[in-house]
Amino acid sequence: MLAHMQSIVAASWDAQETLQVESAWNIMVHSQVLTASLFGSFPRPDLLCAVPCTHARIMKWYFPSVNSSRMVNFALAVNPRLDPDPRVMPAIDALWSRLVFGVVNHTNYDALRERPVAVSIETKRRGEQQSKAEVQMGVWHAAHWAFLASHVKDRLATLFFLPGLLIVGDEWKLVASSYVNGQTILFLDRSIGSTNSELGTLQIMAVLRRLRRWVEETYWPWYKREMLGLD
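Residue numbers for the sequence shown follow the numbering used here, so the first one is 11 and each next one is one higher.
No lab work stands behind these hints, which were simulated from the structure alone. Note that CB positions come from ideal geometry on N, CA and C, so glycine has one too. There may be inaccurate statements among the hints.
Here are the computed distance ranges between Cβ atoms for each label pair [unchecked claim]:
no., residue 1, residue 2, range
1, GLN139, HIS65, 17 to 25 Å
2, ILE37, GLU208, 17 to 25 Å
3, SER107, GLU208, 43 to 51 Å
4, GLY50, PRO74, 29 to 37 Å
5, ARG97, ASP164, 43 to 51 Å
6, ASP103, SER17, 17 to 25 Å
Throw the hints in and build the complete structure from the sequences for me.
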């Protein structure tokens, strides 16, 4: 673990010093943090997956006024095929038949067609406007809430918030949104650590593991109950 953290810190400093673009940061640093935090040294198929989704566009059905550039970079999503409950995939198939374009999200991105998004992650390189990242996250969350609300109606009140992560260069920030009277409220933002130090990287990993627990213990059970009709 220590060697892995040291490797991440070294990559973070290298990306910063060489003025790497956003996509390079995603490959060199952010994806390594996600893998190490969520899956350890030996990644294997898991209920939770980290999906690169830079080209995932919001379906206008759920957010008609959306700008096509309002996308995020990663999503922590659930792979229902790895849920041991044999009822899950038939329920997903039934849900497909009722949903727009046969996808279980507010985006029709192929890699997320059957994997419900739980946590969204937006990245920018250091020096880029954080406000732009905040707008992108706000729009993405608004579409996510609209998708859920269109299917569960008033039962959406039982899901209290959706978390997200904003990453600007080496700094990671936790955000969250709630849905009140048909409006998305985005709460910004709490720094959780920096990949420029081992301590900061350890803090980020701890938060990611807590988010994993939230997906497994709160979001996915809620989704199965309210979206799939499984008690």
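For each hint, the structure was consulted:
no., hint, result
1, GLN139 with HIS65: 17 to 25 Å, "holds (21 Å)"
2, ILE37 with GLU208: 17 to 25 Å, "holds (21 Å)"
3, SER107 with GLU208: 43 to 51 Å, "holds (49 Å)"
4, GLY50 with PRO74: 29 to 37 Å, "violated (42 Å)"
5, ARG97 with ASP164: 43 to 51 Å, "violated (24 Å)"
6, ASP103 with SER17: 17 to 25 Å, "violated (41 Å)"
Consistency with the previously given hints fails for numbers 4, 5, 6, ordered from lowest to highest.
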